[in-house]
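Okay, here's what each chain looks like letter by letter:
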Amino acid sequence: MSNAVIIKDAVKKYGDFIALKGVSLDIKEGEFFTLLGPSGCGKTTLLRQIAGFNSIEGGDFYFGDKRINAVPAHKRDIGMVFQNYAIFPHLTVEENVAYGLKARNVPKAEIAPRVKEALELVQIAHLAKRKPSELSGGQQQRVALARAFVIEPSVLLMDEPLSNLDAKLRVQMRTVIKKLQRKLGITTIYVTHDQEEALAISDRIAVMKDGVIMQIGTPTEIYAKPQNPFVAGFIGVSNFLECTVESGGVVDIHGQLKIKVPTKKDYVGPARLSARPEQLFFSEEGLPGEIMFSTFLGDFIEYEVRLADGQNLIVNEYTKDTTEVHEAGEKVFLNFDPTRISVYEAESEEVITC
Amino acid sequence: MLKRKNTTIPFYMDPWFWVKLMVFVIFAVFLVWPFSSIITNAFKSTKVAGFTLRNFERFFTKKYYYGALWNSVGISLVPTIFAVVLGVPMAYLMTRYNVWGKKIWHVLAILSLMSPPFLGAYAWIMLFGRAGSITTFLANYGITIPTIYGFGGISTVLTLKLYPYIYMYTSGAMESIDSSLEECAENLGSGKLRRFFTVTMPVVTPSITAGALVVFMSALADFGTPMLLGGSEFRTLPVLIYNEYLSETGGNGNLASAISIIIVIITLVMLLVQKGYVGRRNYIMSALRPPKETEVHGFRRFLVTLPVFLISFISFLPQIVVCASSFQHTNYSSFIGGFTFENYQNLGARLWSSLGNTFSYSLIAMVFIVIIGILMSYAIVRKKGKTGGILDMLLMAPYVIPGSVLGLCYIVTFNVKPLILTGTAAIIIISYIIRKLPYTVRSASAFLLQMDPSVEEASINLGVPPMKTFWKVTARLMLPGVFSGAILSWVTCINELSCSIMLSSGHNNTLTIEAYTNIVRNSVGSGAALSAILTVTSGLILIIALRVTKGKIRV
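Residue numbers (the working numbering), protein chains in the order written: chain A, 1 to 354; chain B, 1 to 555.
To be clear, the hints were calculated from the coordinates, so they are not data collected in a lab. No incorrect hints appear here.
Covered by chain A, according to a simulated footprint, are these stretches of chain B (three or more residues, beta-carbon under 8 Å): (1) 447 to 460; (2) 463 to 474.
Below are the BS3-like pairs computed for lysine-lysine, each with C-alpha atoms no more than 27 Å apart in a straight line: (3) A/K75 with B/K384; (4) B/K383 with A/K13; (5) B/K472 with A/K108; (6) A/K131 with B/K472; (7) A/K75 with B/K472; (8) B/K468 with A/K66; (9) B/K468 with A/K129; (10) B/K468 with A/K108; (11) B/K386 with A/K13.
Where a beta carbon is used, it is the ideal one built from N, C-alpha and C, also for glycine.
Using the sequences and the hints, build the whole thing.
Shown next as structure tokens:
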């Protein structure tokens, strides 16, 4: 049986409130797939439907070719890591890890070596006899991980597993999780609201908002080609500018600059342009502006530039590409790399650039 | 289009449906049915057929009856006021100063609260009664002291027994005030006294009123104290119910039923008044920084300790007096000093049978209370559904139905077909369960609310079915919380008098009933010895419980 996860038109309702409005996903076997979005977007709701803890008001859920909608949670053969770890406080570390194996009636002689191996994989074999109350947050996290994958589940679910750790440990554990997933090859569905974490850890990401998927893609696709202003704003930093699209893919910005962008559809009319700070550059001509503020950040310099209409843009210039630092008050002209920016229809917010 | 059913399972496959059904059946048979039968009883009479207000008419026209109503209100209100006067300052001193011997006074307060209901009255009679040791000693010098019998004596005894409720509710609230709140008031220029009345008091007032309500209801329901100290002139409603029932044997207890309804109405009104008052004033706080204890030394430390010592010592005094007297020689119905074990030796078989009854009944009740309590609190907290509200309401029952009323309910209902239980041990055990279960459910629910549901989900996710997860993980984790509540219920069962005395038929007397009966019959030696055994037993259980729970006992 394949360990792919296929979801078709998943719907979740709480009374009149619709938390998931028909979400479809096609997660490949062995893939590290992340559900990313702000709180309330439905990402945890969907994960809990997959785990079997939320009722399903509509849609079909498949593991491989097996429809699991009616399979109770304890028979789904899923490993899960909870946001607050959910370690059994009355059991020791090794008893915690052995719990799922015992429930599966694994022979006793087999349990001990498997527990030991799992604890070694997450580097806490020396803590086997401890009670959870004697562990730090990071150590509890490792117990939760070991407990989830020791049962060799077909799918591993993780619900914001790093959000309770401090910043440094979060980065460290992120690598531990990623390497472990690679090594074991378990299909993994990961929920987070931290876009940086999602970019760093995932094979593919689904960005969600208000119970709808806004975009599915690899981290590079999502960062470089956001399909709508929401994704552009949520992932990384984006500058937004009102503009007009003329025939032939010519974008007119404030009547001061015209650039030709590659388009995938014919559209003429009002539009919105988004550009990353590093996709803007200073040039001889273009949008006139004034440097308001500059921050030297080592490998690059961040500028705040005010346009004639009062809007502020963020511009990053890499130190390796330049020798001079613009001072506040200096008049500059801004230009864009036409192949890197994204342009959206004003009304429908659909992307027209390719 | 083919509509496929998703994850819903039929209701009869859900074990929680059966748990709820079981709870409803238990409460329906042993609470709703008995109580509704005394309601119908109250509007019936042996003299006229059909519906009548005769019983209520008689109650409100004869001074013998309506006098008892005023007496009851009096001996409930006055101890409530004085309990606040004693309990609030004690809570303030205990939470804010390094009072010497803090733990001892705390334990003494719990011990006096959990003492047998007639013990205070009995000890005070020994000291200040007509033939009391202090009365006779002072009489030698021609000094007479005001009588202990009647309103004043009952109020004093109930105040000293029940003030710990106020102390414990208030100190709980005072400990949860974040110290920054008071510091802020100080920073804004409030003096210590002003700060106490403008910040501290308003914040803890809801807790004080909750404690006051419990004191009021306990005093109103108290049976042992007014029986011993009321004499023939000063009757309260629970005493009336008992007397009426005894004199009406053969009848249906119509008048006693009417009185029961009146007493339940009083408690309901007080409950609503308190709820209405607290309403929006409930300031839920969790102190990030609990208030600091002020360190005082020397004479000042003595000054803050003295009131606490006096209050808790005087309220504990009855237990010392009774235990000490039990070793004295007796002559007819008075103690004459000396040291002897004869009071204990004279008890003989009665001791063992009553001790056996006390322990077997209360322990059987405890087993049921713990199991049903765990299941029921889980059903209320995690499987609320449409019936959660009704379950919550049923849980209020023991707060508003005094023991003597429930006793009457059971006698009226269960001495006729279809279910005859009077005179059996079962009915006493059932009364324990119905009266004490709610306390355990409440403490277990509070514990469950704090427990993270994802621990259960983790277990299910690892392949353990929900019901097995419940017993393996949830119930296992709830057990300590449930036990600390259940131990308190156990001690109160051991000391239960007002309900069991109406349900007992001689051979199933408990230790408390036996002790009380001996005291009433003036066999003071046996009475003292039995009371002493009762006191020491309860005290030992409580002290072990305090040790095990590290002092975290909630009343």
